[in-house]
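Colleague: The residues making up each chain are set out below.
Protein chains: 2
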Amino acid sequence: MTAPNVAEFAALLADVRKRIDARLVEWLRPRVSAATEISEEVGMAAAAVQDLALRGGKRMRAALVAAGFGDRSWPSVCEPAMMAVELLQTYLLIHDDWMDDDPVRRGGPSVHVSLRDKLGTRTLGDAAAILAGDLASGYAQAALLETDLPPDRVLRAARAFARTQVDVVTGQLAEMRGARRTGPLPSVETIHALKTASYTVTGPLLLGATLAGADDARCAELERFGRPLGIAFQLRDDLLGVFGDPSATGKPIWNDIRQGKRTTLVTELRGDARAEAVLERAFGKVDASQADLEAVVRVMDESGARGRVEARIRELCDEARRVLDAMSPTMTEEGRAWLDGAIAALGERSA
Amino acid sequence: MTAPNVAEFAALLADVRKRIDARLVEWLRPRVSAATEISEEVGMAAAAVQDLALRGGKRMRAALVAAGFGDRSWPSVCEPAMMAVELLQTYLLIHDDWMDDDPVRRGGPSVHVSLRDKLGTRTLGDAAAILAGDLASGYAQAALLETDLPPDRVLRAARAFARTQVDVVTGQLAEMRGARRTGPLPSVETIHALKTASYTVTGPLLLGATLAGADDARCAELERFGRPLGIAFQLRDDLLGVFGDPSATGKPIWNDIRQGKRTTLVTELRGDARAEAVLERAFGKVDASQADLEAVVRVMDESGARGRVEARIRELCDEARRVLDAMSPTMTEEGRAWLDGAIAALGERSA
Chain X
1 MTAPNVAEFA ALLADVRKRI DARLVEWLRP RVSAATEISE EVGMAAAAVQ
51 DLALRGGKRM RAALVAAGFG DRSWPSVCEP AMMAVELLQT YLLIHDDWMD
101 DDPVRRGGPS VHVSLRDKLG TRTLGDAAAI LAGDLASGYA QAALLETDLP
151 PDRVLRAARA FARTQVDVVT GQLAEMRGAR RTGPLPSVET IHALKTASYT
201 VTGPLLLGAT LAGADDARCA ELERFGRPLG IAFQLRDDLL GVFGDPSATG
251 KPIWNDIRQG KRTTLVTELR GDARAEAVLE RAFGKVDASQ ADLEAVVRVM
301 DESGARGRVE ARIRELCDEA RRVLDAMSPT MTEEGRAWLD GAIAALGERS
351 A
Chain H
1 MTAPNVAEFA ALLADVRKRI DARLVEWLRP RVSAATEISE EVGMAAAAVQ
51 DLALRGGKRM RAALVAAGFG DRSWPSVCEP AMMAVELLQT YLLIHDDWMD
101 DDPVRRGGPS VHVSLRDKLG TRTLGDAAAI LAGDLASGYA QAALLETDLP
151 PDRVLRAARA FARTQVDVVT GQLAEMRGAR RTGPLPSVET IHALKTASYT
201 VTGPLLLGAT LAGADDARCA ELERFGRPLG IAFQLRDDLL GVFGDPSATG
251 KPIWNDIRQG KRTTLVTELR GDARAEAVLE RAFGKVDASQ ADLEAVVRVM
301 DESGARGRVE ARIRELCDEA RRVLDAMSPT MTEEGRAWLD GAIAALGERS
351 A
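Those protein sequence lines, which keep their order, are chains X and H. Numbering of the first sequence is given in my numbering, commencing with residue 1 and proceeding in unit increments. Numbering of the second sequence is given in my numbering, commencing with residue 1 and proceeding in unit increments.
Everything labelled a hint here was simulated from the structure, so no lab data went into it. Any given hint could be a false lead.
Given that identical chains are not distinguished, each listed pair holds provided it fits within a single copy or across any two copies.
Calculated lysine-lysine pairs in the DSBU-like style (CA-CA distance at most 35 Å, straight line) [claimed, not checked]:
hint : residue 1 : residue 2
1    : Lys285    : Lys18
2    : Lys118    : Lys251
3    : Lys285    : Lys118
4    : Lys251    : Lys261
5    : Lys261    : Lys285
6    : Lys118    : Lys261
7    : Lys58     : Lys118
All values reported here derive from a predicted model rather than from experimental measurement.
Full structure from sequences and hints, please.
Modeller: Below, the structure written as structure tokens:
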């Protein structure tokens, strides 16, 4: 990839972030007010959605809507769809953090933790958190459908959005494992494609493309581009969860290990008896000791697992680049530059 | 209301049920197959959605889509929207039963109870149930967007559908009460309008109307009609939860009392010291004795609370009828007959 394209995407991201943060503030404010007028509890849930949606977030998904749209006229035209992908992310994070009982998100308390505190009991807080997620889901749909473009384009975008939601939920279910089950699991990359690539890369790109009136062939190209890049994004996430800087990522370090998440770093240790023994002492143990966790981190590095995941990220980014190079020439110059820059921003990021 | 219209709506309901049950079977089958190919766990969640969607259900909401559409040409044109309202109901029931920890729904185990059993732990089952609800939500959106009509109509219907979702979730939150809160709560009827009238009556009517190309004035009329009728539906539900026949309703009797639900029957007892004392012994107590529960049921009857709720249902049905009588003359004859028949079917039902 070329350095100018990396800078182009970074500039797009900065512009998108500024606009979308402002637009979300403006869009959510009257909704939180209306909710608060109904009752304090409704207001708390709506405010929890607002707080999480506005608290940080790189707006990478929103920027990918512009990249899929492929034209500098994206502001205002694409903003409702951008809000929609960010609100979809908010909805998914709320439900996901409750499922994993993760206490921290984007450097603050996760929604279920905050609502347990505000409502006074765990049962009430958990129920309110599920409903807050459901509210964010309704908001996301409503935002997208405000798009001011010909109805056939908005309708195609809404269809892509619904499919994205089905895919991401399917991916989250594919990660689960029944207590008594022993049969084969889906491959980690199949799960990543459904669970992450769908709503992080492919979904936003398709929203932008359908709003731009792209034909089915272009949409198919973007799906072939988005899948490897989305998987690379998830692998990078897995690496950052073990080797990253929590102050940059906003997430506690080593949680994946404590929670027993079957990341690629873990599957790469399989078959190495010494490494597996080290892993076993901390894997899936919420109260694992610092020393045991550090030993796992070391063995993930020394066994070559980390290096193999890095190599796989490079392969996936190369695959995305090959798809991009082969894209039909009707692709705009901006679109091409943004997609090229996105490869570095998603695959090579440090936060 | 006229007896012929009651029969008309009953005939519509029977026709809708037959078609929608068949259409849901056909629509869900390939989705459950695809889910099962990914993993057994994904298949379990998709099958849970399918089972609940197909297990009973009167399809009253689907029939109201046809009533809002107002024309005998509803089959095939309205079927995707009808599936959507039934799948929305499935999604809401799954999350709601988990929140209330209700073990039974439509005469079978609720989804979280069934998934706890299938997946082997409570934590896994609960997470899978929330995701199964989320899956049903994605399915509902996808189904609606398959509607084969001009895009502007489908888009208006999708907007009404998103608003319905926001309203119903808002209503569920409005029913919650923080542990340390003592201030005023929203009125029970405000909650019913948001929580029940939205997705049971107004939402389905607006879907049908927008698909028929209705103007904003007609949509506003239908909202004014749907709100009192939806509240009446909820009041009837509350009465059936105490005085109904569980073999007809498919729900365990007296659960609302055990769970401490603030139904209108309960608020109607307030201020009557003797009645309140009787209520106190069973209200919100999951292990309340049969004798204490029977005493509450008796006092709800003898104190006049039951009679006052019945009277309020009659008032609300009359209000809906007045709105219907005043509707602009562009309303079709079928539409008018179905809406009139719906008043009896929703307000006066015994199951």
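Colleague: Taking the hints in turn, state whether each one holds.
Modeller: Consistency of the hints with the structure:
no., hint, verdict
1, Lys285 x Lys18, "neither (40 Å within a copy, 51 Å between copies)"
2, Lys118 x Lys251, "both (22 Å within a copy, 32 Å between copies)"
3, Lys285 x Lys118, "both (29 Å within a copy, 24 Å between copies)"
4, Lys251 x Lys261, "within (15 Å within a copy, 38 Å between copies)"
5, Lys261 x Lys285, "within (11 Å within a copy, 39 Å between copies)"
6, Lys118 x Lys261, "both (30 Å within a copy, 21 Å between copies)"
7, Lys58 x Lys118, "within (27 Å within a copy, 38 Å between copies)"
The structure shown violates just one earlier hint, number 1.
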